[in-house]
Amino acid sequence: MNIHEYQGQEILKKYGVRVSEGIVADNPDAAVDAAKRLTQQTGTDIWVVKAQIHAGGRGKGGGVKVAKSLDEVKELAKQIIGMQLVTHQTGPEGKLVNKVLIAQNVFYPGDSEPEEYYMSVLLNRDTGRNIIMYSTEGGMDIEKVAEETPHLIYKEEIDPATGVLPFQARRIAFNLGLSGKAFKEMSKFVPGLYNAYVGSDASLMEINPVLKTSDDLIMAIDAKIDIDDNALYRHSDIAEMRDLSEEDPSEIEASKHNLNFVKLDGNVGCMVNGAGLAMATMDIIKLSGGDPANFLDVGGGANAQTVEAGLKIILSDPNVNAILINIFGGIVRCDRVANGVVEAYKKIGEINVPIIVRLQGTNAEGGKKIIDESGLKVFSAITLKEASDLVQELVG
Amino acid sequence: MSVLVSDKSNVIVQGFTGSEGTFHASQMIEYGTNVVGGVTPGKGGSTHLNLPVFNTVKEAVEKVKADVSVIFVPPAFAADAIMEAADAGIKVAIAITEGIPTADMVKVKNFITGKDIRLVGPNCPGVISPGLAKVGIMPGFIHSKGKIGVVSRSGTLTYEAVDQLTKEGLGQSTCIGIGGDPIIGTTTKEAVKLLMDDPDTDGIIMIGEIGGGMETEAARWIKENGTKPVVGFIAGQTAPKGRRMGHAGAIIGGTDDTAAAKMKVMKECGIHVVESPATLGVTMKNALS
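Chains as they are written, first to last, in my numbering: chain A, 1158 to 1553; chain B, 3 to 291.
Think about it this way: if two alpha-carbon atoms lie no more than 25 Å apart in a straight line, the pair counts; the simulated BS3-like pairs of lysine-lysine are:
#1 B:K243 / A:K1312
#2 B:K266 / A:K1542
#3 B:K266 / B:K243
If you are wondering where the hints come from, they were derived from the structure by calculation, not from laboratory data.
Here chain B stands alone, though its shape is the one from the complex:
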C-alpha cells in the first residue's frame, strides 16, 4: 500500500502542453504512472503524448475519471488552476509551481477549506509511491519500493535522503514533498499522520527547515500519537535571522522557528534527530533494528 498516489490513481496534468508539463508528463508515463490526460484551456479536443487534452478539469473528471492532478501552470495562473481542480472534484492536487504570490495562496487556502480535496505543495517536487506512481518531478530511478515514508519541505534534499535509504537497502512506501512556501496545502503533521496510519510504512523520515511552526506541531503530534520510529533533520542551522534562504517560507522570524529550537522540541518528543544530513539513512536503519 501507499498514501496519496498509487497505480490506481487516474492522473491528469494541468499545464499539460507547456514545456514543463510535457517533459515531466513523459517522465511520469515512462515511470509507469497511470496518466489519463491533461488540461490546457483552449486546446481541448486535441491529443498530446497520445492522451486526450481537455479545456477544463471538470471535463477530465467526467470523461477519464481523473482523481489526481499535478499542476505545472505558471505562477500567475497557478492559484486559479488549484481552485479549478478543487471545484471539479479532484481528490489530490499536487502543485509543483514555484513562485505563486502569497496573497493568491491565502485565497486558495480559504477556497479549498471544507472541500473534499487534499492539496500538496505548491513549490514542491511532488509525491512518489515507488513502483506504483510518480506524480512530480523527482528522478524515479533513485527510489526503490519499500516501507519507509519520507516527508520533506525541500526537493533535492529529499532526493539525498531517498538515495541514502536506497543504498542502505531501505525502500520507500511514499515520499511526500510538501513544499517550501509559507502557505502549503498539506502540513508536516498531516503528511506524517498519513504515513503513521499507513500499515505498509514502518518508519518515517521528516525533513524540515527554518521558518514557521510546522515541524514543532508535527513533533508534538508524534509524541502523543506516534507508533513508528521517526528520523528528523532541520536544514538551516547556520542560516542568519531575517534572510530568506531560497524558499519563500525559509526565513527565521523569531526564536521558535530556528533550526536549533525545532530540533530541541523534536528530540524532546522522541524523534531521532540528526545533525548532519549525511547520516539520515544510517540513522533510520539503526532506529529500525
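Excised from the complex, chain A in its bound form:
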C-alpha cells in the first residue's frame, strides 16, 4: 500500500527521525491557516506548497511551489488543489490533487551550505536481507544516478538479528563526507530510518532528498513509503491511511470481492485462477493479436458469485471487446465453474462481447458440455492452444 508524503512523515516522526515540519490542507483557506500555524511553530516566513499524490516527480510537473507571502500560499494552493498533476509516474492523464502539504522552508541561510543526499531502505531479494542504499547525489532521479555514476551509490546490508550497528551508521556518515554536528546527526538519523522501516512493515522507504541544513541538522524533506499489504493486519493505524481516491475505481470494487485485479488499457479482458496462469493468459492474448485489458486472479474459489463480480468489473471497461476466462480446475471442478459462468451470464443479462471459456483439469469435458449447450454467446475451449486460436479469430 502506498501512502502520502505527509502520512510518511508522521510515521518517521514517531521513530525520532527529523523531518521538515508541515501541515496538510485540502482547500486554500485551510492552507493559509496551516501556513500561519507553521510560522508559530517553526518561525518560517517562507512556505513550500506540495501536492500530495502517490507519484514521484511532483516538482517537475508543477506540483511543488515556494510561497513568500500568505497571499501566495493561498494563490498556489488554489492552483494546485484540483489540478490534474502529470509526472513521469502518473501516465498522460495525470492524477487529481486533493490535498497539499504546507511545509516549512528548510533552505535558510546559515554557517554552511545546505547539502542534499539520497537514502532508502529496501529488501535485497537475492540475500533476503534489508539494505540501506544511499548516495551523495540527493534530489536527483536515483535510477539515472545508478545508470550514469554507479560508483556514487553505496549499500549497507543489515543483519536482521542486530539491526543497524553503530559502525554501519558511522560508515554511512563518513561516506557522505560529514563531520562534526552533522556527522552525529546522521549517526542518529540512519538507525531511526531503519527502525521506522522495520517497525511499520514497510517494503520501501525512500527519502530523496535527505537534507543537511545550513546549521548542520539532518532531516527528511520528502518521504516515499510503501507498506507490505500482508502486514497491514498488525498496523491498524497505517491501514487507515489508505486513500481510495488514489486507486482505480474498478480495482477498489474488485478488492471488495477479494479479487486480485489490475486495470490495463487493452481490449481483451481476462479472468483466471492463479497469478502465474493469469500473467501467462495475458501473454497469450498479446501473442494472439489482442491486448490484455486487465490482470484478474480469482484465486481458489471460482464460483458463480466471484465470476459474476469479475465479469461485471471487466465489462465496465468500454474498451473491452472480448473476454477470455481461463480456469485450470484442480481442486475446483470445471463443471461447477461452467455452471457458475452460465448463471452469472444470465444474471447480468445483456452481454455484447464474446466470451471464451477455457476449462481444463477436473471434469473439463463436463464443463465444456455445459458451456456448449447453454445457448449463450460463449465459446468453449479445453487446451490453451484452442483458447489462443479463438482469441485470434475474434480480435486478432
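Given chain A's structure and the hints, the job is docking chain B onto it.
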C-alpha cells in the same frame, strides 16, 4: 528416484486440524503419501484422520520420525511454524501459506541459514513425486510418473505444464513449486540443481515470472553446469512496471527483471525458451528427441 519427497518420506502436517490442513491432508493420504501425523499446539494427544496429533514438531520428530513437514498455518503464525520445524530437525519443510509478511520471512531466512533444513515456499503449491508422494495442494490426477522435472513459481501454471507433459506422454520425476513471494526458501537455481543431479530426471521445465533475479541466476548456472535439456517460460511479458501482479514477488523493479530481459539471458544460456505457455509440453518432447 525423485528429489525432496518420496515414498520413504515421513510427512507431518503443521496446522493439521484446521480446515485447509484437514482437507489437503486427506487428499495427500488418498494419493498414497506416507503421512505419519500432524501438529496443532494444544491438541496434542488426540487423533485426527486416524493419525496422531502432537503439540510440538519436536515431539513428532521423536515419536513418528517425521522428516518432511507441510505447513498450512495461517499467515500471522506461519513464520513461527517454519522456524519450529527447523529447530526440531525437520529436513524438508514445505510452506503452502500465502500472505506471510516479508519482515517475518527475513527473520526465517536468517534463522534457518546454517541449519540442516531445506525450506520450499512459502506461497507455493508444494512438491510432488508422482506415484510416490504428493506433499501439497496440487491435483494428483494430472501427474504421471516419469522423467521430467518441473520447477515453478506459480501454482496453476505448473498444473498447465504438467498436464501438457502428461498428454505428450512425458511423465514427471518431481515437480517443485518454489513459491511466488519475494523471499523463498529454495531458489530456482537450487531447485534446478537438485533435478540436474537426479539420475532419474532427463529434462527440466523451468517456469518463472517477472520480478527478482532468480531465473537469470539459474540460467547462468545451467550454462556452466547443465547436462540435460531445459525448457523455460517467463510469465508477465505484458505486465506493466511497478505493479504487483497477484504474487507478492511478481513486480518489475528495474530493467533486469522484466520477462523480456530474463528470456534473453535464458536463450543465451542455451535454454529452450517458449513465448507461449501453450507449447511447453511439445517443446520438451522435441528437445528430448
